[in-house]
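Positions in the sequence shown are counted from 1; adding 14 to them yields this note's numbering.
What the hints contain is simulated information worked out from the structure, not anything from laboratory work. As the structure is a prediction and not an experimental result, all values here were calculated from the model. Among the hints, erroneous ones may be present.
[Said to hold, decoys possible] Distance ranges between label pairs, derived from CB positions:
id, residue 1, residue 2, range
1, 38, 72, 28 to 34 Å
2, 24, 54, 21 to 27 Å
3, 39, 66, 16 to 22 Å
4, 31, 73, 18 to 24 Å
5, 51, 29, 33 to 39 Å
6, 24, 47, 28 to 34 Å
7, 72, 48, 17 to 23 Å
8, 76, 52, 18 to 24 Å
[Unchecked claim] Computed cross-link-like contacts, DSSO-like style, restricted to lysine-lysine with a CA-CA straight-line distance of at most 27 Å:
id, residue 1, residue 2
9, 25, 80
10, 35, 25
11, 80, 35
12, 80, 26
We put the beta carbon where it would ideally sit given N, CA and C, even for glycine.
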Amino acid sequence: TVERLITQINKKTGVHTRGVKFVRQGAVVTCRIQLAQSVCIERFDTTQQLGRFSLRDEGMTIAVGKILALNRDRPPPASIGQA
Numbered sequence: 015t016v017e018r019l020i021t022q023i024n025k026k027t028g029v030h031t032r033g034v035k036f037v038r039q040g041a042v043v044t045c046r047i048q049l050a051q052s053v054c055i056e057r058f059d060t061t062q063q064l065g066r067f068s069l070r071d072e073g074m075t076i077a078v079g080k081i082l083a084l085n086r087d088r089p090p091p092a093s094i095g096q097a
């Protein structure tokens, strides 16, 4: 799920707008995404193949993008069988 829209970027001027509540089709945004399960990803500037993603809803692609940063502050979830 998309947790928060951070900025919207104007394609023509490159100006970043904060406090965005919604975006229209074709918009360029920076957002924070929370995943339901673990996936193997990496920042785009480190590994391009693992740094791309697509968001799908009801069989339709609703967004594609690049991973700019990872939240490594949170500890990984404990595996099943570990105390």
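If I claimed the Cβ atoms of residue 76 and residue 52 lie 18 to 24 Å apart, would that claim hold in this structure? 22 Å, holds
Kindly confirm whether 17 to 23 Å is satisfied by the beta carbon distance between residue 72 and residue 48. 19 Å, holds
Using the beta carbons of residue 24 and residue 47, state whether their distance is inside 28 to 34 Å or not. 22 Å, violated
Residue 24 paired with residue 54, Cβ distance criterion 21 to 27 Å: 33 Å, violated
Distance restraint hint 16 to 22 Å, applied to the beta-carbon atoms of residue 39 and residue 66: About 20 Å separates the Cβ atoms of residue 39 and residue 66, which means 16 to 22 Å holds.
Straight-line Cα separation of residue 80 and residue 26 no greater than 27 Å? 19 Å, holds
Between residue 25 and residue 80, does the CA-CA distance stay at or below 27 Å? 16 Å, holds
Would you say the C-beta atoms of residue 38 and residue 72 sit inside 28 to 34 Å of each other? This hint is violated: roughly 19 Å between Cβ atoms.
Tell me if the beta carbons of residue 51 and residue 29 are separated by a distance inside 33 to 39 Å. With a Cβ separation near 36 Å, residue 51 and residue 29 satisfy 33 to 39 Å, so the hint holds.
Is the hinted pair residue 80 and residue 35 satisfied, with a Cα-Cα distance of at most 27 Å? The hint holds at about 21 Å.
Evaluate the given range 18 to 24 Å for the C-beta pair formed by residue 31 and residue 73. 31 Å, violated
Proposed proximity, residue 25 with residue 35 (alpha carbon, max 27 Å): Distance ~18 Å between residue 35 and residue 25 Cα, so the pair holds.
Violated hints, in rising order: 1, 2, 4 and 6; the structure is consistent with all others.
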